[in-house]
Amino acid sequence: MQSRPQARYAPGETVDFVIVGSGAAGGVLAKQLSTRGYSVVVLEAGPRLAPSDFKHDEFSYWLNGDLAPKTPVTWRQTEQEEARVGQGGIFRASLVGGSSVHFTANFWRLHEIDFIERSKLGAIPGANLADWPITYADLEPYYTMVDWEVGVSGTPGPFDPPRSRPYPLPPMPVKSSGVLFERGATKLGLHPQSAPLAILSKPFNGRNACQHCGYCIGFGCEFGAKSSSLASVIPVAEATGKCEIRPNSYVRKVELDARGRATGVTYFDADKKEQFQRAKAVILSANGAETPKLLLMSTSSQFPNGLANSSGYVGKHLMFNGNTGTMALFEHQLNEYKSVQATRLIHDFYDSDAKRGFYGGGGIDARFQQYPIAFALGALPPDSPSWGSEYKKLVSDYFNRTMMSAGHTTSLPVESNNVTLHPTVKDDWGLPALRITYKDHDDDIKIMKFMAAKSEEILQAAGAQKVWSFPVGVSGGTAHLLGTCRMGKDPKTSVIDANHRTHDVPNLFLCDGSSMVTSGRGQPTMTIMALAFRAGERIANLAKRGEI
Amino acid sequence: MSDRVSRRAFLAAAGAVGATWLFVDPQRLQAALVHARKTVLQPPPFRFDVLTPAQAADLEAICMRIFPSDGTPGAKEAGVIHFLDKALATFAAPQKDFVLNGLADVNQKAAAKWPGTTSFAALKPEQQDEYLKSIEQTPFFGQTRFATCVGMFGNPSYGGNQGEVGWKLIGFESHGIYQPPFGYYDAEAQKGG
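Heads up: the sequence lines are chains A and B, in that order. Counting from 1, one number per residue, gives the positions in the first sequence under our numbering. Counting from 549, one number per residue, gives the positions in the second sequence under our numbering.
These are calculated hints, taken from the structure and not from any lab test. All C-beta atoms, glycine included, are put in the ideal place defined by N, C-alpha and C. What you were told as hints is all true, and nothing was included just to trick you.
Think about it this way: if two alpha-carbon atoms lie no more than 25 Å apart in a straight line, the pair counts; the simulated SDA-like pairs of lysine to any residue are: (1) K624/B to D397/A; (2) K716/B to E390/A; (3) K393/A to Q675/B.
Incomplete in silico selection of chain B near chain A, CB under 10 Å: (4) F689; (5) F694; (6) F701; (7) G702; (8) G719.
Could you build the full structure based on these sequences and the hints that come with them?
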């Protein structure tokens with residue numbers, strides 16, 4: 001793999017850009033800016049791991065969260081409740097590459113409708129649905145950049161939005177789950193297609209192809225075949241000699257001067273010692289929980305309610321994407337634990353449909369989900385025993401003969417779903433802990449139930465011997481943290497403009513899941529990377545013209 | 549990660565009671581791994597670090613009712629008790645009292661129910677099942693079940709799943725690299741097309 005030239009900057013040295021976060025967005029921005037000649041320091045809260053550090057170890061990654069930050073997060077459903085640690089979970093990886101290292105790599109583009117739903121559908125009670133200030137056509141060239149620079153395998157499906165260039169890599173080989181799902185969906189007159197994945201089906205850009213080890217969801221790829229920012233764009237950024245990735249650095253405040261311009265960021269280094277990194281411009285790419293948290297912690301006399309928060313929108317309209325899980329048992333061995341998670345999906349129910357009587361849409365995929373421990377703990381049909389001989393028999397008979405279909409759905413932007421600072425609970429750095437407030441909109445629950453029912457129909461049609469769904473209810477955890485610093489034209493109802501520049505501070509930019517105005521139908525990472533490719537280009541152009 | 553389904557479903561399925569005692573910090577886990585590898589290399593007779601022989605026998609008896617040795621290997625053959633002892637000696641040390649108090653309670657109640665009983669391990673399997681059924685909904689049973697599944701199906705490096713018997717039981721291989729076809733239906737499709 002690529003060598004790492006060691007660009008090193010002293011914190012006191014003024015760099016062109018300091019980027020907070022090295023994940024899907026931060027990694028791409030580092031690449032976009034450093035390859036255009038700008039000096040960049042990326043501050044990453046987690047450590048730097050090499051591909052050889054990644055383990056096939058369900059217990060460590062899934063149960064003990066070896067890749068996750070350990071800092072306390074508090075949670076509640078409504079603003080009337082007291083938020084507590086352990087009430088819900090946000091699943092993220094804290095290391096160079098961020099959650100793009102451990103994600104499943106499902107890589108769906110948004111469709112045209114995702115950008116303009118407010119004007120197409122009108123207002124929805126209980127939600128603050130809005131159009132994006134950009135359209136699919138604006139973002140399409142950058143989706144294509146993601147395809148070709150990061151590495152995506154797939155083939156277009158019948159409901160896909162237009163694309164300017166084919167996928168660079170063919171789809172991953174279909175698994176038994178994909179064959180069965182396709183069979184069932186086709187019988188029902190639906191339109192199954194290959195699942196696009198940010199996983200290399202063939203060697204690409206000097207990187208290895210997937211070896212079908214099966215450890216994608218929740219794991220790091222030791223072959224470098226998963227297109228995380230760590231495997232794809234960060235090596236390119238570092239090869240410029242202009243970009244330093246500084247791990248173990250947790251940023252606690254964006255500093256301002258008397259003119260209201262950002263001067264850099266204060267952070268804790270690996271020894272928890274405070275440092276100040278000076279920069280001409282600051283970009284936050286810490287995703288939908290940590291980006292608003294950092295802004296809310298960055299108070300000053302100019303911004304008593306949090307930096308760049310004149311709208312009051314910082315932290316609001318948190319969206320997760322709904323999820324459902326439907327299991328099915330078949331006669332023969334599927335051996336689903338081999339290879340990537342998902343190989344087929346349908347987008348027949350992508351668009352919202354007034355005939356259903358509620359807002360929402362999504363996709364359904366065919367996948368492997370539970371590694372052995374999780375399978376034994378909770379994947380059997382609900383009427384199964386949970387210990388003893390019969391239980392043991394079911395676990396051993398079912399493990400290789402089951403698959404799952406997962407529904408991935410819309411979340412409406414609800415003002416009271418938000419990220420705030422906990423008034424008393426502290427995080428590992430002695431700072432206010434995250435406080436997540438989240439209760440799915442009624443329509444979000446309805447579309448999840450709809451998708452679970454459709455999944456059951458498809459799997460029945462595929463010839464399953466038995467089909468069962470996990471209960472649908474209010475979300476108790478998420479890996480998708482979207483919408484909390486939304487993009488928009490009006491400074492009164494959005495935090496950033498279409499260039500990702502905050503309306504309030506001219507040299508402060510935000511780009512990550514928090515920028516998204518609507519949730520899409522799950523699988524937001526492709527869009528976050530496309531936004532970052534676009535933002536990087538636009539921010540570089542602003543810098544070139546002296547407009548930052 | 550792009551999906552949260554599994555974790556949510558997993559946590560829901562594991563139940564509110566099941567998921568706590570093995571959730572700890574990674575440094576302790578690393579120490580445990582080193583420890584477990586070391587002890588695997590120790591020649592028999594095996595020495596427990598935390599559990600007394602009597603406690604180990606009772607705890608193992610519970611694990612063996614969860615995954616019985618009924619013609620195919622169960623918790624005993626997987627060495628789940630060794631995983632549990634190592635866990636309690638290292639990363640799950642804060643849960644030691646919870647586990648030992650729970651065990652003491654099991655013995656006390658078993659003795660009350662079947663006078664003359666010296667220990668849970670000494671009961672007949674049918675009696676053990678009858679008793680466990682009565683405590684199925686307790687945090688102690690939930691967490692013991694949770695830990696037993698980890699000891700059964702976790703990586704052998706933690707001291708359980710010895711000889712990969714848990715994985716072999718369910719047909720999970722650990723080669724690390726595969727080539728298509730992966731299963732019956734994709735093989736069939738490949739032939740057909």
